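The primary structure of each chain is shown beneath.
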Amino acid sequence: MSNETLLSVKNLEVTFNTPKGDVHAVRGVSFNLGRERLGIVGESGSGKSQTGRAILGLTAANGKITADQMTFHDVDLANLTPKQWRKVRGARISMIMQDPKYSLNPVMTIGDQIIEAYREHHKVNAKEARHRAIDMLDAVKIRDPERVFNSYPHEVSGGMGQRVMIAMMLIPDPELIIADEPTSALDVTVQLQVMAILDDLVRDRGMALIFISHDLQLVSSFCDRVLVMYQGHVVEEIKASALHEAKHPYTKGLLNCLPKMDGDHSDLPILEREASWAEG
Amino acid sequence: MTTQTNTSQTGLKQWLTSDAPQSRWQAKCGRVWLGWLKFTENKLAMIGLSIVIGLILVTIFAPLLAPYDPLAADLTNRIQPPGAEHWFGTDQLGRDILSRVIFGAQYTLLIVGLVAITAAPVGLLVGTAAGFFGGWIDATLMRITDVFLAFPKLILALAFVAALGPGIENAILAIAITAWPPYARIARAETITVRKSDFIEAARLQGTSNMGLITGHIMPMCISSLVVRVTLDMAGMILIAAGLGFLGLGAQPPMPEWGAMVSDGRQFLLEQWWVATVPGIAILIVSLGFNLLGDGLRDVLDPRGGD
Amino acid sequence: MSAVKRKKRDGRNRARFASGPTGTFLRLVFSLAITFFGLLLVTFLIGRVLPIDPVLAAVGDHASQSTYNRVREEMGLNLPLWQQFFIYVSNVLQGDFGQSVLTSNSVLYDIKRVFPATLELATIATIIGVALGIPAGVFAAINKGKWPDHVVRVIGLAGHSMPIFWLGLMGLLVFYMKLDWVAGPGRLDSFYVDFIEPTTGLMLVDTLIEGDIDLFWNAVSHIVLPASILAYFSLAYIARMTRSFMLEQLSQEYILTARVKGISEHRIIWRHALGNVMVPLVTVIALSYANLLEGSVLTEIVFAWPGLGLYITNSLLNADMNAVLGGTIVVGAVFISVNMLSDVLYRLLDPRARR
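If you read the sequences in order, they're chains A, B and C. Residue numbering for the first sequence follows our numbering, starting at 36 and increasing by one per position. Residue numbering for the second sequence follows our numbering, starting at 78 and increasing by one per position. Residue numbering for the third sequence follows our numbering, starting at 24 and increasing by one per position.
No lab work stands behind these hints: they were computed from the structure. Values in this document were obtained by computation on a predicted structure and should not be read as measured data. Any given hint could be a false lead.
Quick list of in silico lysine-lysine cross-link-like pairs, DSS-like style, CA-CA up to 30 angstroms [as the list claims (entries may be wrong)]: (1) A:K55 / B:K105; (2) A:K99 / B:K120; (3) A:K99 / C:K167; (4) A:K162 / A:K176; (5) C:K169 / A:K99; (6) A:K136 / B:K273; (7) C:K169 / B:K115; (8) B:K115 / A:K99; (9) A:K118 / C:K167; (10) B:K115 / A:K55; (11) B:K115 / C:K167; (12) A:K55 / B:K90; (13) A:K118 / C:K169; (14) A:K99 / B:K90; (15) C:K169 / B:K120; (16) B:K120 / A:K55; (17) B:K90 / B:K115; (18) C:K169 / A:K122; (19) A:K55 / C:K169; (20) A:K176 / A:K158; (21) C:K167 / B:K120; (22) A:K122 / C:K167; (23) C:K167 / B:K90; (24) A:K55 / C:K167; (25) A:K99 / A:K118.
The shape of chain A in the complex, shown without the other chains (with noise of 0.2 angstroms):
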């Protein structure tokens, strides 16, 4: 951990409209990020992509963002033209988005797709920029980068997929990482091989991390710090390490959910939600 901040966040609220009225998706949410691996968990609908996306500039087009403060370094995320976007996006913030089978473009070769994120940031000619992608394709561990490379999205299985995506969203070295329910589209037996090759590439290239979840256990494995999320609030900002001492009744809540092997009741608790909560 370092105490150098990356990005700093301050009250920030995502809100979409809809023919139902205004929804506010995130609510007030403010954080500072260094050097570090970040979690944020929460169940569906908490805000908690909405979060990521939103740094990213990305939240869809009736949404509409307002932050007292949205910095990356010295970059005002909340005040940026298109052009100045594309600079941060990929080459500076990326994301790793959930699933595969759609996030890919299903008529491109992967091999052009990973040449593409290199080359938008990166002036290299083409032979160049095809030695990087196979190395990156190596480097999330795919046995034969080759063929992989001039295969098409639909060709290759989901964990291929997944490391794909992580290749492809690494390779034009960034300095965050944002990670959307990277696995939960995998088959188990995966997700952790997948989840392994993440953490270990960035903590080789000393990148930031944001990890966004439901899975509280999988978050508290691989981040340092947590934030939980309900309803577009923050209830709970905690130490991965500490999180036996989480004060908040909702995330004392979705620790309890847990199975246990040594647990001595036969009933799972029902998480239970308060309206107060909501309105921190």
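Start from chain A and add chains B and C according to the hints.
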């Protein structure tokens, strides 16, 4: 739930847009309300709806609206330009074009109405049967459908009219024969998606017969996409009917059918342009109306439908 | 068919082995054959429910009963229906659609003569429709809900609502009669018609083969209006479909991925989204091309364009049933082939369907 007693508009609106409807009725009303809101938001769709309502009204009140008898020839008043006497002028027999256009609405509505009520049920029946039973029934029915889809509609209609002889009844029959295959396709696709659903399985376990499943559970699921498609197709039917009329194969003289009227005006195109122009504009407006309405309905009822 | 279906049901892996390129090809040919067979059956039945007596049409009203019977036997109309159908199919497969009463040529000869004119018109129209329709659709999609979208939508809706024969007449009225910008009906000025030897039958090509630039420009000024009228309909359809495909693709996850990578919006639209749109769009373009054959019936009449549509209609108005059915079969066959072709192209373009 104190708002239930509150009958003011906000109360009703709250009841309709409630996230947690108390009954199926409320949920249904809420859905219809949201659909209607979405529909009214769409200005073009509202224009389409007004045109179609307008067409229906003109059809009903044609004898009251038309200033002259659409069939009354007046040879002293041949091809008069538009003016105070005759707003849209007169044709080669001195008949008032405005009156003929107004009465022509009846034929247009008659054609699309009859085609829709014959072709849509046939398509629905064929499609649901094919999708529900699968196997060789599906293969046979869909092959037949494909054969009909393999002809361009107008050409097939032409061939049928050629065989049956010209006339408005035969034109309607020919258009209906060309119109059903897409409905069968749509109904089949919808049927296949719901065939394996749990609610169908549940109804089956309760002892509902195949026929009951099709008519009671599957057909209602197909209705909304079918309504959209039929509405959109009505524009095409109007155009084919007008095309047949233009070729002299649809409504026969002296019926004031719009396509035949355009054909009448062909010979005077250069000097008396209004004879051909006015009925053409009527066709354009009415089929535009159906297109706009269909588009609006599609956005509301069938948000997936690309086409 | 059932064998193919069974293989399909046997699970993915086996299906993959069984349906190589040859399997796909065979299935296409089979489906083509069945559809074509159905086409012949329908035209045969249309020919037989006809109230016009073909024997009477051939011998005239004043023939004696014995002549009538002899001709009836010669035409094979005394045979059972299924035998007649068998003879009909074998004749059609040999390219024999019978004689045209109107022109007293064989129908096949007539169709060969008129078809290039329709082909030329439909091709030029499709080229114009694609060249304008795709950009218009993309432009509408990326400006969804703003004025370019509304303009494209209105143009498209008008295209779906306009009677083509009427638009053709209005075009003639304005651009030929009033403004005199283009030439009138026909493929060439009547003065030139006999100057040109039909080598390919495509006037724009033939005039160039003859090396006569004046004639070429004359042909251009004749084709430009009917082709634009037809193109408008194909443009309306292509733009509308492009827009809806684009909107669907732009909401896909991989577009977000491309944005995360920092790709320019221009590249996202024209490379990523349009690359995916092109796959279904090929089918749309093929379909609109086939539909132009239909649209050309009415256009050809308005513009006195001596193509298949004019031929079918003239024959129809003269109760020349052989010619009508021959023309219908040809149009149907072209329609089926174009659809099949689009299916093949789809497989070539979509990597997911390629294996």
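Point to revise | Broken hints, by number | key: No numbers; nothing is violated.
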